[in-house]
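K.L.:
The hints should help you fit chain B onto chain A, whose structure is shown.
Number of protein chains: 2
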Amino acid sequence: MKIGVIGAGQLGRMLALSGYPLNHQFGFTTKSNNEPSSMLGLVFNENECQNSAESIMNFADVVTYESENTDVEIIRNISKNVKVFPSEKSLFISQHRCREKKLFDSLNIPCAPNQKVNSLNDLRLALNNIGFPAILKTATNGYDGKGQFVIHSDSQIDKAWDSMNGVESILEGFVSFKRELSLIAVRGIDNDHKYYPLVENIHHNGILRKTIAPANRIDHNIQDIAEKYMRKILDELDHVGVLTIEFFETDKGLLVNEIAPRVHNSGHWTIDGATTSQFENHIRAITGMPLGDTTPIHNCCAMVNIIGKTGDTNSVLKMPNTHLHLYNKKERKDRKIGHINVNAGSVDELQKRLSQLKQYLPK
Amino acid sequence: MKIGVIGAGQLGRMLALSGYPLNHQFGFTTKSNNEPSSMLGLVFNENECQNSAESIMNFADVVTYESENTDVEIIRNISKNVKVFPSEKSLFISQHRCREKKLFDSLNIPCAPNQKVNSLNDLRLALNNIGFPAILKTATNGYDGKGQFVIHSDSQIDKAWDSMNGVESILEGFVSFKRELSLIAVRGIDNDHKYYPLVENIHHNGILRKTIAPANRIDHNIQDIAEKYMRKILDELDHVGVLTIEFFETDKGLLVNEIAPRVHNSGHWTIDGATTSQFENHIRAITGMPLGDTTPIHNCCAMVNIIGKTGDTNSVLKMPNTHLHLYNKKERKDRKIGHINVNAGSVDELQKRLSQLKQYLPK
Chain A
1 MKIGVIGAGQ LGRMLALSGY PLNHQFGFTT KSNNEPSSML GLVFNENECQ NSAESIMNFA
61 DVVTYESENT DVEIIRNISK NVKVFPSEKS LFISQHRCRE KKLFDSLNIP CAPNQKVNSL
121 NDLRLALNNI GFPAILKTAT NGYDGKGQFV IHSDSQIDKA WDSMNGVESI LEGFVSFKRE
181 LSLIAVRGID NDHKYYPLVE NIHHNGILRK TIAPANRIDH NIQDIAEKYM RKILDELDHV
241 GVLTIEFFET DKGLLVNEIA PRVHNSGHWT IDGATTSQFE NHIRAITGMP LGDTTPIHNC
301 CAMVNIIGKT GDTNSVLKMP NTHLHLYNKK ERKDRKIGHI NVNAGSVDEL QKRLSQLKQY
361 LPK
Chain B
1001 MKIGVIGAGQ LGRMLALSGY PLNHQFGFTT KSNNEPSSML GLVFNENECQ NSAESIMNFA
1061 DVVTYESENT DVEIIRNISK NVKVFPSEKS LFISQHRCRE KKLFDSLNIP CAPNQKVNSL
1121 NDLRLALNNI GFPAILKTAT NGYDGKGQFV IHSDSQIDKA WDSMNGVESI LEGFVSFKRE
1181 LSLIAVRGID NDHKYYPLVE NIHHNGILRK TIAPANRIDH NIQDIAEKYM RKILDELDHV
1241 GVLTIEFFET DKGLLVNEIA PRVHNSGHWT IDGATTSQFE NHIRAITGMP LGDTTPIHNC
1301 CAMVNIIGKT GDTNSVLKMP NTHLHLYNKK ERKDRKIGHI NVNAGSVDEL QKRLSQLKQY
1361 LPK
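Line by line, the protein sequences give chains A and B. At position 224 of the first sequence the residue is numbered 224 (my numbering), and the sequence of numbers has no breaks. Count along the second sequence from 1, add 1000, and you get the number used in my numbering.
Careful, some of the hints might be misleading.
[Claimed, not checked] To give a feel for the contact side, a few chain B residues facing chain A, derived at Cβ under 8 angstroms: (1) 1017; (2) 1022; (3) 1026; (4) 1292; (5) 1317; (6) 1325.
No lab work stands behind these hints: they were computed from the structure. Please read these numbers as outputs of a predicted model, since none were measured by experiment. Where is the CB? At the ideal position from N, CA and C, for every residue including glycine.
In isolation and in its complexed conformation, chain A is listed as follows (with noise of 0.2 angstroms):
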């Protein structure tokens, strides 16, 4: 089939390789002639075409998009024509947090306390109900960490609220989690469902830096909640492709977080680690293939982004069982431009590594 990707980063380039194999061909949005998806497949070049969108459904048997942060009337208009998926009703809740905690409520899934902000005067009536500390957030296009602010006491108000240059935002109460995981699945157009093991992600200043696959100290509870939530969440949208769920562990169990309707920073892993990788899956679903065995080949992995500076590659290269993926990006501050998968017989060893692996990456 011909598979439309709205957007032309990393993800859309992870996709597409995994999409040849099965025989797909791909196009692309992009805004520039060197994204990472620019030589996978056909561009098209918001800045040289008259309506890129168009371009992509009458190239597509079907489109997907990159991220939750793509237009909604844009997949309105091409959900007209052509079979888009994950459908509008996913996108359209999860590009915005008020409407996610929604979503969370009327299933019966725990989330923070929360409250919608639109206004100075929302902020302090929100943090009388939820109290200190607390965090507001902008309600939609936040990612790696950027448009948050915690707020500890009342003279933080009115900077945390001029900090959200007026946008809808939310208030969410600040809590104390343990960890943070993830748990990826992929639905199929036949409902069929298959989920990825529960994984730890460990951020610094916002940014994703570290993931270990499975997650250590999961009792097979823990991993059966999660997937009785992500079932939940994926039948009550219609979900066809990859899912996923960030979670806080905190001492009285898991809270949902946030969901992102596609493949995710936290499922790279995958591609090495696991029989069928996250990409492979969301294209088998969206394209109505049967989807693929989940399950990992090796007891230990772990996925470390390349951020801002490639670093040493060629002792990366030679590490045992270590994978490298680059994603065609200039090195910039803060910037995600590849990551590294790792895989181990044991907990110890993936250990080792991660401090070999260390040496080679800027700190």
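P.N.:
Then chain B, alone, in the frame of chain A:
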């Protein structure tokens, strides 16, 4: 780096799929706009460019080729301006059976008795020396068993020579072999070497149907001998990139059949079965990157070619530990249009899977 590939078939396609994650870019010389590699990089169409070889030379930092039937003259010209790996010498020798045999003799590597044949009279003289049965083969351009004639008796001599259409040929003594094995290795610019395990190849009507990796019941001794022969050839050719040797396994040990200066159909299992695939290792070698670990990930692997017709793809995709690789080629009798990799924990499990797979593929 920018990698130029002469040819745009499935080998170029799989080289590109493995090379993008290492941040390389690809260009291909093509004969049409719908070849297996056409969507995976820039294309220089021989029918549209005045000189596609010159175009690819201008594009590329390094050039490689898909086939040992590539014109040596083209490679020689490109080499004057851009590095080409494997070099002209590897290509020149491996594209001609008589030159190959001379190389094996000079390195004391055992092969079948053989004699150059350029006329009917040559053929008679050669048969006097070699005896019946013997195989007459075109010296160049043979593939999938084409250009070969088995001669059992005097009465077939005229017909055999006629079938060669007057081209340069070679008569080889018929080898009674137990099975065909192949060894794939890679040599880097810095003279580093890595070897995959010997694999067993099963042919039907001269076309490779199936590879079992590693080959069953292989002495450590045989692997060592095969690697010793390989090393001699790699070093003599100063070869950079992947090289394949096809062996006959006989009661008296290994005889070399032929070599190919490239990734090989019998190495396609490495995509899902080895830590680093033959494709990634070829790309690493020709771009001066460190070579990757060649260790198998699973106890037993098999590669099954999809020939002529695609078969029941959906059933194949539902099988555990099974990976589909299609080449975007139209169905046609005896044409390799894809392959399937199967991984298993034991020989029995692998055989069970292969029996199941058989149902889904054309006979």
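K.L.:
Confirm or reject each hint.
P.N.:
The hints, checked one at a time:
no., hint, in the structure
1, 1017, "holds, 6 angstroms"
2, 1022, "holds, 6 angstroms"
3, 1026, "holds, 7 angstroms"
4, 1292, "holds, 7 angstroms"
5, 1317, "holds, 5 angstroms"
6, 1325, "holds, 4 angstroms"
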